[in-house]
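Protein chains: 2
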Amino acid sequence: MNSSQFVLASRPIGLPSSQNFRLEKISLGDLKENEVLLKSWYVSVDPYMRGRMNSVKSYAASFEVDEPIKGAIVAKVIESKSKSVLAGDIVVGMLPWATYAIEKVENLRKIDIQKVPPGYYLGVLGMPGITAYFGMMEICKPQKGDTVVISGAAGAVGIVAGQIAKIHGCRVIGIAGSDEKCKLLKEQFGFDETINYKTSKSIRKEIAALCPESVDAYFDNVGGEITEAVVANLDFHARIALCGQISQYNNSKPALGYSILPHLLTRSVMLQGFIVSNYSERFGEAITHLTKWLNDGKLKYTETIIEGFDKLPEAFIGLFSGKNQGKMLIKTE
Amino acid sequence: MNSSQFVLASRPIGLPSSQNFRLEKISLGDLKENEVLLKSWYVSVDPYMRGRMNSVKSYAASFEVDEPIKGAIVAKVIESKSKSVLAGDIVVGMLPWATYAIEKVENLRKIDIQKVPPGYYLGVLGMPGITAYFGMMEICKPQKGDTVVISGAAGAVGIVAGQIAKIHGCRVIGIAGSDEKCKLLKEQFGFDETINYKTSKSIRKEIAALCPESVDAYFDNVGGEITEAVVANLDFHARIALCGQISQYNNSKPALGYSILPHLLTRSVMLQGFIVSNYSERFGEAITHLTKWLNDGKLKYTETIIEGFDKLPEAFIGLFSGKNQGKMLIKTE
Numbered sequence: 148m149n150s151s152q153f154v155l156a157s158r159p160i161g162l163p164s165s166q167n168f169r170l171e172k173i174s175l176g177d178l179k180e181n182e183v184l185l186k187s188w189y190v191s192v193d194p195y196m197r198g199r200m201n202s203v204k205s206y207a208a209s210f211e212v213d214e215p216i217k218g219a220i221v222a223k224v225i226e227s228k229s230k231s232v233l234a235g236d237i238v239v240g241m242l243p244w245a246t247y248a249i250e251k252v253e254n255l256r257k258i259d260i261q262k263v264p265p266g267y268y269l270g271v272l273g274m275p276g277i278t279a280y281f282g283m284m285e286i287c288k289p290q291k292g293d294t295v296v297i298s299g300a301a302g303a304v305g306i307v308a309g310q311i312a313k314i315h316g317c318r319v320i321g322i323a324g325s326d327e328k329c330k331l332l333k334e335q336f337g338f339d340e341t342i343n344y345k346t347s348k349s350i351r352k353e354i355a356a357l358c359p360e361s362v363d364a365y366f367d368n369v370g371g372e373i374t375e376a377v378v379a380n381l382d383f384h385a386r387i388a389l390c391g392q393i394s395q396y397n398n399s400k401p402a403l404g405y406s407i408l409p410h411l412l413t414r415s416v417m418l419q420g421f422i423v424s425n426y427s428e429r430f431g432e433a434i435t436h437l438t439k440w441l442n443d444g445k446l447k448y449t450e451t452i453i454e455g456f457d458k459l460p461e462a463f464i465g466l467f468s469g470k471n472q473g474k475m476l477i478k479t480e
Numbered sequence: 148m149n150s151s152q153f154v155l156a157s158r159p160i161g162l163p164s165s166q167n168f169r170l171e172k173i174s175l176g177d178l179k180e181n182e183v184l185l186k187s188w189y190v191s192v193d194p195y196m197r198g199r200m201n202s203v204k205s206y207a208a209s210f211e212v213d214e215p216i217k218g219a220i221v222a223k224v225i226e227s228k229s230k231s232v233l234a235g236d237i238v239v240g241m242l243p244w245a246t247y248a249i250e251k252v253e254n255l256r257k258i259d260i261q262k263v264p265p266g267y268y269l270g271v272l273g274m275p276g277i278t279a280y281f282g283m284m285e286i287c288k289p290q291k292g293d294t295v296v297i298s299g300a301a302g303a304v305g306i307v308a309g310q311i312a313k314i315h316g317c318r319v320i321g322i323a324g325s326d327e328k329c330k331l332l333k334e335q336f337g338f339d340e341t342i343n344y345k346t347s348k349s350i351r352k353e354i355a356a357l358c359p360e361s362v363d364a365y366f367d368n369v370g371g372e373i374t375e376a377v378v379a380n381l382d383f384h385a386r387i388a389l390c391g392q393i394s395q396y397n398n399s400k401p402a403l404g405y406s407i408l409p410h411l412l413t414r415s416v417m418l419q420g421f422i423v424s425n426y427s428e429r430f431g432e433a434i435t436h437l438t439k440w441l442n443d444g445k446l447k448y449t450e451t452i453i454e455g456f457d458k459l460p461e462a463f464i465g466l467f468s469g470k471n472q473g474k475m476l477i478k479t480e
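Protein chains in written order, with our numbering: chain A, 148 to 480; chain B, 148 to 480.
FYI, nobody ran anything at the bench for these hints, they're computed from the structure.
Each hint should be verified, as a subset may be incorrect.
Put simply, identical chains are the same to the list, so a pair is met inside one copy or across any two.
Said to hold, decoys possible - Straight-line distance between alpha carbons at most 30 Å, and here's what the computed DSBU-like set of lysine-lysine pairs gives: (1) Lys458 with Lys400; (2) Lys223 with Lys186; (3) Lys400 with Lys352; (4) Lys251 with Lys217; (5) Lys400 with Lys345; (6) Lys400 with Lys348; (7) Lys478 with Lys186.
Starting from the given sequences, assemble the full structure and let the hints guide the process.
See the structure below:
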């Protein structure tokens, strides 16, 4: 069986380019016991994958040069040498960016696409949604009446995090990078207020004006100047869920910024960096809640789906200029 | 009764100077019911007081220009119109920087100076010691075998925080500003290793060399470049007790520095800003433990005592160039 796969051609310096990826033809071997042949269907591109393209120590192991990129993928089972996963089943797993792949069934999870679109298992019911759930519930700890600010609010994690805060009776301010995204956040996802950071003259002053009683919790996906502006408006005993730093991922060197520590000190702020796998024993709890909120119509969701396996590098690079609304996915056919 | 008091003559810009303080003669009125006349004995100067000299919102109210500076003072009761506090008693309270003062007894606490020197109530058994206790026990959560780094290690809070970590079986690295202080930390206070940040060629590399298994907890009194260097060496799930930022207190504008957030994110670090009053309902617990450790010889302590009430501004300003070893105090006579 022939397959095509994207390998890491070279480690990106700064913003990744198509030069950092190489499409290769490979030949897959024969299936062994408890393995399945998979055809990739929906492929997830996520900001955290940028970190894996560096060689430095992080929460996820580095990708190796000349080896395939791996990420979350929904795939169709074409052939099976397993009794638990059969041809025709739909599965999700951490798989190579390849048109076809062979994988052990123990690394796959069967999914039901009758009630939920397949891409949701890569978003609201996958890593981004579960990340939003634990960051909001365990770190931001939303209380009725709290003011909660979300950066990267129109991304896959941000839209879910903001809606979870709304479900818990908070006033939610979303920061995003276009008027169109801001409109979507208010009209489709029920955010109370939004700030377009690209056109704002002073994010700090806009937050101050929108949050006269200061900010009780901040869900940070972006870092940099946006975070400095939010931190200047935090209330005493505020909580920060440090979920992402997309503004920093392409820096070759750490960026200079104003120290936020004096603010965190004088306001007794708690900040917790986290990755979803810290909560891996409790994923079931998150999925149960997210599914119920989706079914009850309390949680809405959106995807930016790009067609064509060959568009994978382009879709991934597009994350860093905010080309996505909600979850960014590639559909291979 | 005549008294002399230091008022805030003007708000400091940057490092305070003697010009920001003015000594005034005042005349005290008559004692009312439940008031006492006090003669100041030991006067505490503390880094946090710098923040109160600004007009910006912080955890403690601002000092007003032309009004007396207030801080923790041990005083002798000269006259009393109270049945609970009598002439001859020794008390501690938040009092004006004055040679004499009249105060309501409800704002004072009687102390016993038979077993413990009076200055200890301004240090190891006062705000600095209690701060060290809660920052270490509640935020750093020292576990046997942990590597703990303390910045400002030779200050009033740092020497106590480091020893509490030692009592709990940790390996403790202290960062201080002279070879003399480093020697004191190792020989008198049992720190395992020290770094003189003023002569270190790379604090980051020195920490890496001293902590091959990374840093589990960081008690930060100083901020700035020292904190950037420690953060680069934190282990997964490390804890930071954000207690002070003395390197930043004299900045007129926030300082630029390298963003530490990407490190805190990828290592799932928890950082908690705090002030001792967050734990005010549990002060008794801290004092009980600190007293027991002192009595058992497990906790040692040192003071830098400057004689003469008129030296108060000079002693306070000296904190920012690290003129103190342990707690800095003025003895008025």
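Status of each hint after checking the structure:
1. Lys458 with Lys400: within (29 Å within a copy, 46 Å between copies)
2. Lys223 with Lys186: within (5 Å within a copy, 84 Å between copies)
3. Lys400 with Lys352: Result: close both inside a copy and across copies, 29 Å intra and 17 Å inter.
4. Lys251 with Lys217: within (15 Å within a copy, 70 Å between copies)
5. Lys400 with Lys345: both (23 Å within a copy, 24 Å between copies)
6. Lys400 with Lys348: both (27 Å within a copy, 20 Å between copies)
7. Lys478 with Lys186: within (12 Å within a copy, 80 Å between copies)
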